[in-house]
Amino acid sequence: MLKISNVTKSYEKKKRAVDNVSLEILPGDIYGFIGHNGAGKTTLLKSIAGILNFDEGDIRIFGKSIAKDTLEAKRIMAYIPDNPDVYESLTGIQYLDFIADAYDVAENERQILIEKYSKMFEIDTVLNNPISSYSHGMKQKTVIIGALIHNPQVMLLDEPFVGLDPKASFLLKEIFHDLCQKGALIFFSTHVLEVAEKLCNKVAIIKNGKLVANGRTEEVIKDKSLENIFIDLLNES
Amino acid sequence: MMLIKLLKIFFKENFSLKRIFGFDFKKSKIKATLIVLAIIYGIGSMFLVFGFMFFDFGKLLNELGQSQVLLEYIFIYATVLSMVFVLLRANGYLFHYKDFQILQPLPIKQRQIILAKLCLMMITIYMSLFVIILPIGFSYFFHSGLDIVSLLNFIISLLFIPILPVVVFSFLSFLLANFSSRFRFSKIINVILMFVVFFGIMYFSMTLNFEASNPLLGQMALFEKITKVIPSANWFISAIHNNNFLALLGLVAFNLAILVLFVFLLEKFSIKTNQIAQSVKVKTSNKAVISKKRSILTNILLKELRKFFNVTIYVFNSGFGPIFLALSSVLIIVFKSNIDGFMVNFEEVNIQFELLLLVFVAFIISTVFTSAISLSLEGKNFWIIKSLPIKASTVMFGKMLFNILLVLPIAIFFLFIAGIIFQIGIVKSILMILFVTSFSFVTSSLGSIINLYFPKFDFINETEVVKQSIGAFLGMFGAWLLITINGLIYYFLQPLVSFEIIVLLNSLINYLFFGICIIFISRNAQTIFNKL
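Chains Y and X are the protein sequences, given in the same order. This note's numbering applies: residue 1 is where the first sequence begins, and numbers increase by one. This note's numbering applies: residue 238 is where the second sequence begins, and numbers increase by one.
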């Protein structure tokens, strides 16, 4: 379980980018995280991933605090940023090997997963090329494979569908379902409300750093569409 | 184990041939050959200049029984170079590294990341030191005799000398960046502070004695004083000169203790600084937004100016020359009598003072090679210029114009002041200004052509372009080659015609070359742009 308890994060002690946010994401959940630009989505995701610290509250990943048991928490987690910034001088396989080494994935195990996912995303033939020669989508796919290489129990993704072609987007959604069936949980931010509505069993809406709605998708949207709910919430003062 | 893996990754990322030179060596053999030749020329000429100077100096010192003075030079140069390097680069290596977002979510201990980053920085420092230290070391061992123990002591202690300056100046660099970030024009303030520190270091360590015939002798007394008060300098000299094992042990233990303490402090500290750097500060303002129409050339010039002041290493590297020249305009007034005394030595060997002034100004202009790197600095944003309906030649002319405006007005001002102070005469002064203008024009256009053929858009940090790219290398050494050509013309014509005629002839040759470059850019820039 990913438990976010009363997390607050301010920049320069002035603006609260994340304001007293609490969330519980259970194994099997595909949790969509929605908000306007600058609402605090990336800040919260980065805080969970251990990239940013936070001022108050606690974040626990399957009982392990990201602030205190940092390495243990990271070992069961994977984070995919909104922009696939990777080591461009490396080849795809060198990058994946590095990530697998960091997670201490056995050689035969990583070989199987790399083969499986690279074929699935149709980048198996370019893995020996330098990443600098990849398109945005190919880089994104490489980062996704890197995130899947250790069978994470928690997947954090920041706008994962940006830059992916329709087939890759479909495959990623399938992977989400597959992982969730195995007991993992997915927490991702998106601006594509239709995706969130169809894919997620739960959604959270953040506005100016505060959670304004969260819960089961059908309970949040009721008889409206997620788009209508989102716009209504944004317009509320 | 993870440390080794991190180091491997960082090495590939920072030192792969493609990363350094900006293109695949296998794909362009002619380019590769040209680059190898240019590197041999560059490093060779550095070795020759330093080697010649220090070989002579070493011989003199050996005759006086003071060859250990060369070790003082090695110690001070290694320390000062490490200070300058760290002052400019520590922020990118330790406090705000660009791959923080990749590394931080991974289950890797921060200590290992910091150790790997530190190792990478140290290796880069050792590589820069090598060019300077090798000729001095060669002179020392050649004149005092080579034995294996002192050579081993030399190598071991050289590894430890940069540690103290690295530690002190890493924090100083961070403090400067942190202090200046509180102000509105933080980057400019940071650059000013760095210049203050840098000129401070220069003042204390590179003080020249104008009355001495060899400038190295002028540094000797100062270096002796400095090394006497720094214990690690004494250990270094004693370890090599007297084969003193205890001194070596002292040097290693002292620096190792500092290094361990540094890593321990840095481990926590660097997470904080990198996390702060992740925050995006969006400042809002109620001020009305006013749109202004400007010509394309003005826009490019303004863009270049903003880019210049936005990249600390860029302004530090290319701004050093103009600032030094501006300072020199004042210094020649203050130290006129010292310079007059110093110049007597040159007049004795029939070298004109005006010639030295021209070489000095041309050398300063050669350090301002913005046109050889500014296209590369477009980096991942190059698509913006490329996709706009602007002629490639206009873009390149804008970049050239920026380069000329950055240094030429100050160079002319310097020559104007020098003309009055040293009573050079109107005709000679005008001719000298004509030459300097032609030199600035031709180096800026040559720089543009170099950058068109050797762009480096793929970089993590701008330092890679400003300091390590082939454009920067060729830009500077190309200008030096031009100085050599102009110098050779002077050398061969000097017995036949007057100084004024030679200066005029050199200027005309430069203008002709400039014209050819302009025609080349006008005709070919677009085609080259399309291929990039």
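These aren't lab readings, by the way, just hints derived from the structure by calculation. Please note that a few of the clues may not be correct.
Listed below are the simulated BS3-like cross-link pairs for lysine-lysine, each with C-alpha atoms no more than 30 Å apart in a straight line [unchecked claim]:
| # | chain 1 | residue 1 | chain 2 | residue 2 |
| --- | --- | --- | --- | --- |
| 1 | X | Lys524 | Y | Lys68 |
| 2 | X | Lys524 | Y | Lys15 |
| 3 | X | Lys242 | Y | Lys68 |
| 4 | Y | Lys14 | X | Lys245 |
| 5 | X | Lys424 | Y | Lys116 |
| 6 | Y | Lys15 | X | Lys509 |
| 7 | X | Lys505 | Y | Lys119 |
| 8 | Y | Lys15 | X | Lys249 |
| 9 | Y | Lys15 | X | Lys424 |
| 10 | Y | Lys210 | X | Lys242 |
| 11 | Y | Lys207 | X | Lys249 |
| 12 | X | Lys335 | Y | Lys14 |
| 13 | X | Lys524 | Y | Lys119 |
| 14 | Y | Lys14 | X | Lys524 |
| 15 | Y | Lys182 | X | Lys505 |
| 16 | Y | Lys64 | X | Lys249 |
| 17 | X | Lys544 | Y | Lys116 |
| 18 | X | Lys242 | Y | Lys15 |
| 19 | Y | Lys14 | X | Lys242 |
Taking the hints in turn, this is what the structure says about them:
1. Lys524/X to Lys68/Y: Distance of about 44 Å is beyond 30 Å: violated.
2. Lys524/X to Lys15/Y: Measuring from Cα to Cα gives roughly 20 Å; hence the hint holds.
3. Lys242/X to Lys68/Y: holds, 25 Å
4. Lys14/Y to Lys245/X: violated, 41 Å
5. Lys424/X to Lys116/Y: Violated - the C-alpha atoms of Lys116/Y and Lys424/X are around 48 Å apart, more than 30 Å.
6. Lys15/Y to Lys509/X: Holds - the C-alpha atoms of Lys509/X and Lys15/Y are around 18 Å apart, at most 30 Å.
7. Lys505/X to Lys119/Y: violated, 41 Å
8. Lys15/Y to Lys249/X: At roughly 40 Å apart (the allowed maximum being 30 Å), Lys249/X and Lys15/Y break the hint.
9. Lys15/Y to Lys424/X: holds, 23 Å
10. Lys210/Y to Lys242/X: violated, 41 Å
11. Lys207/Y to Lys249/X: violated, 42 Å
12. Lys335/X to Lys14/Y: holds, 25 Å
13. Lys524/X to Lys119/Y: violated, 53 Å
14. Lys14/Y to Lys524/X: holds, 21 Å
15. Lys182/Y to Lys505/X: violated, 36 Å
16. Lys64/Y to Lys249/X: With Cα atoms ~34 Å apart, Lys64/Y and Lys249/X exceed 30 Å; violated.
17. Lys544/X to Lys116/Y: violated, 45 Å
18. Lys242/X to Lys15/Y: violated, 39 Å
19. Lys14/Y to Lys242/X: violated, 40 Å
Checked against the numbered hints given earlier, the structure breaks hints 1, 4, 5, 7, 8, 10, 11, 13, 15, 16, 17, 18 and 19 and satisfies all the rest.
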